[in-house]
Amino acid sequence: MNYTITLKVNGRTVQRDVPAHLTLLEFIRSGLQLTGTKHGCGNGECGACTVIMDGKAVRACLILAVEANGCAVETIEGLVESPLAPFAGELPGAVTGTGHSHPEINGASPVGEGVGAGLHPIQRAFLAKGAVQCGFCTPGMIMAAKALYDRNPNPDRAAVVEALGGHLCRCTGYQPIIDAVLAVQTE
Amino acid sequence: MTYQTVGQSVARLDGIEKVTGEAVFVDDISLPGMLHARVLRSQRAHALITGLDVSEAMAQPGVVAVVTGRGLPRRIGACIQDMYPMAVDRVRYVGEPVAVVVAENPHQAHHALASIKVSYQDLAVVTDPWEASRPGAPQIHPDQAVYHRLPGIHPLPGSNIFHRLQVCRGNTADAFREAFLVVENRYWHPSIYHVQLEPHGAIATYHQKGGLTMYASSQAPYVVRHVICELLGLPPGRVRVIVPYVGGGFGGKSDHTIEPLLAWVARHVPGRPVKLVLTREEMACGTVIGRGALVHYRSAVSQDGMLLGVEAEVFLNGGGYGDFAVNIVTAAGISATGPYQVPNIKITAHGVYTNTPPTGACRGYGHPEVHWACERQMDIIAARLGMSPVEIRLKNALGPGKVNAIGQQMESHNGRVDLCIQQVVDALGGPECFLPRTNPCVGSIALEPGGIEADPLPHPTGANASPKAEPSGACAKPAAMPGKVRGKGIAALMKCPIMPTNAQSGAIIKLEEDGGVMVSVGAIEMGQGCHTVLAQIAAEALSLPLERVQVAPQVDTFHSPYEWQTVASHTTWAVGNAIRLAAAQLCDKITRAAAVILQVPAERLEVVGGRVQDRERPERYLTLQQLARGYTDARGTALSAPLIGEGNFVPQGLSHLDPETGQGNIAADWTFACQGAEVEVDTRTGEVTVLRLVSAMDVGKVINPVLAEGQIYGAAVQAMGAAICEGIVFDREGRIRNPSLTDYKVPGVEDMPELQALFVETPEESGPYGARGLGEHGAVCVPPAIANAIQQATGLEFFDLPVTAEKIIRAQQKRGVPA
Ligand code: FES
Ligand code: FES
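Protein chains in written order, with the working numbering: chain A, 1 to 187; chain V, 1001 to 1819.
Simulated from the structure, these hints should not be mistaken for laboratory data. Nothing false has been slipped in among the hints.
Over the 12 angstroms line for every Cβ pair with chain V, so calculated as not near, a few chain A residues:
1. T4
2. T6
3. K8
4. Q15
5. R16
6. M53
7. G55
8. K56
9. E67
10. N69
11. G70
12. Y149
13. D150
14. R151
15. N152
16. D156
Which residues of chain V face chain A? A partial, calculated answer using Cβ under 8 angstroms:
17. D1014
18. K1018
19. D1027
20. D1028
21. L1197
22. E1198
23. G1247
24. G1529
25. Y1713
26. G1714
27. V1717
28. S1740
29. L1741
30. L1755
Just so we're clear, the structure is a prediction, and the values are computed from it rather than from any experiment. Think of the CB as a built atom: it goes at the ideal place given N, C-alpha and C, for glycine as much as any other residue.
Taking the hints into account, I'd like the entire structure generated from these sequences.
Next comes the structure, spelled out in structure tokens:
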């Protein structure tokens, strides 16, 4: 049994027919080919699939696509502030956009002025604080942090820990992630 | 020595892809015409398959093929060929693949699984490595004598022991006879999951012309290729393994896991790609698990605290198949004496088949298992002698001129565990925090309560009370709340990579037309930051600014140079060395080409800052850009060809261990470290809060401090899970009781201690710019450091992991302290 759903994804309206059992995560990843949102467990246990739905951080694997009908969904792909002018165009010379530099992490590096200029401050903070290793938890962590900042522009450590509660990261030991989220407001 | 790029915390090369969601992992890849596979797994831990009927499943909607083990040509394995990629006539653990459905979409494949009919004849089940090693245990591989295996593997025919390693030095009988004190205990480290956030996945296409292409979330594309070639009878040039970004490995994606299975499945649907991505539940039983070791440890000590002898027996759970665990047994055997010099040693490490999922590499690789024993033992010995746990460690520490368990003499460049210990002790508040426990035992023989005569094996009794230290002075920190007690503990470690004696690492550096370079390596970026560190090494070696260096992010066996596998914390060291060799060759080619063009002898030319210039007259130079595609003179005649440097590295002078004594040169380098913990224990609930984890590590030259710290933080928190909350629980039938992340708790953001990473930088002679490995080491000693801290806080001795609240409460009740 298929249903027609209409929703906003990263500001754009999409309309699709989806089977009743399809999760929002499957819809985003397979239906819309937005693969930045990750599937870590499918059971609501890891947070890798976190997206923002009508302003709240939700686990897309626990929501059916039909439940998102009429909602506004933000995914990691929607976060970059100037998505059409990513990085390479703004770079001097022949340096390509894989971005070695982040001033905070490497004050000395002259690499690619403007690299990552379109990034959201949370994304920049993650790079600056070494909060990314394998990167599989990262989109979910960043979306949870975004939802936090959207409702509380001055979170303290306890608020950050609460917002990231239940988000697993097996690489970083969390400390750099907490530091990154806290560092956003000082930007 | 000053460096331009080495030693800097440059940002990761892959950072922007990963914060934007652009980084591609296996499950993000879709290929045209792609099919989806789901696996029917055995629900029996040990049984003969008496019937398998897939006809009904074949008829389900969308199903393209149902593949079984029927017709599998041969067993596979890198060390012991003891497994088929899926069950043929017998299953040896719950979760072993029995049939695979291939369908147009994953839902159809999943639904068809229910229509497969399997009948079994059950056999007796054993999940404990010690029980499985006893005579009369159910035989899991009755025909193991005929399996093909590499030299240096010593099975015990007619038993479940697939490998036994002995390490012998001196004469332990005399040492134990003459000892002032003998301490004997039994320690248990349960099996654990790696919990990589990215589940294992692969996509394979069997080509109609013969040959196979596979995308895999793997640390070991060359091992995968080798095994698939053997299984399907294909030459290496026909099997292509491509590894995109990997979402965490921790050893659990090394060697081979689901890849040979998927290759066999793809063989049945030529021309169509098949994707298999495991569910989180399948991650518990469908790949490899880690650890699972019983260590029986006896120490002979002199009155002044010198270790005179160690006798240890290790029983490592190999699970249903032992191929992946062989070298873990070796690692555990050779490192069981920890970072100490012990003159008389007798260690026997056994790898034992059981009916659990196979044990594979897991961050630390044999070392955490034996350090759990060795480093608890050191604290207990110190207490018996009325010595400080710091002093006893410093007294016995390995260092320049001392000899390790396998007879290798330490040189000054090998690193300083004593400095690491001192740094951790200072960070935790100084030596006064580690006073000797009061009222030590002065008897000459003490069989500890965790000893062999206690409960039925394998599980030690858990805990027993002994005197606790009374911290004073600066350390006498009052606990935050009544009913809460605090303690501090340390543990030291030594870890070496265990690798084939000819483990290969290659690097290719191509000079690009803008004068920058593209570096290709076979090392996998799985989050550890190796591509960034390798780019820094290349930039340094070529005297180029870092933004001129790219590292090809995907490893592809068609193009990337050889790499044994990305394991053993050896990438910075081994691949870094390969890069330096490649850079040297490229510089040599550059200077020779420039010599012709500039009419200057090559010896007078140097490559610096993107130019090749005359040392004596630096105004005579060419840019690398001018040389990249071949230099042409005014008439358009080419005077040079495009330039590529290549470097290949194998460790120098390694040899197999002596089969009788375990002596030999198997370790290429060591990393020494010390870790410390401060904990708070709630005596009413038993709950342990880890307040601080401090690690000091002699990693040689730190190439990138932020990435190095990141490795240590991550490893320490992972190991904190093993210390206080993680452990796989098997029931009598061999079923896993806690396969989900709800039932198997790993540390979360709310459990975070304060983390600290300190570096001692004794330059490693054999490493690039003096660097040595550090990826796994932070996971080795956290459990004993935490348990030693819990001892200081509560007076309770624990011998089996994890030290849960429940065990603490039980131990307190046993001691008679009101809860
Ligand atoms: S994939 Fe949704 S919480 Fe893990
Ligand atoms: S960075 Fe790997 S799981 Fe968080």
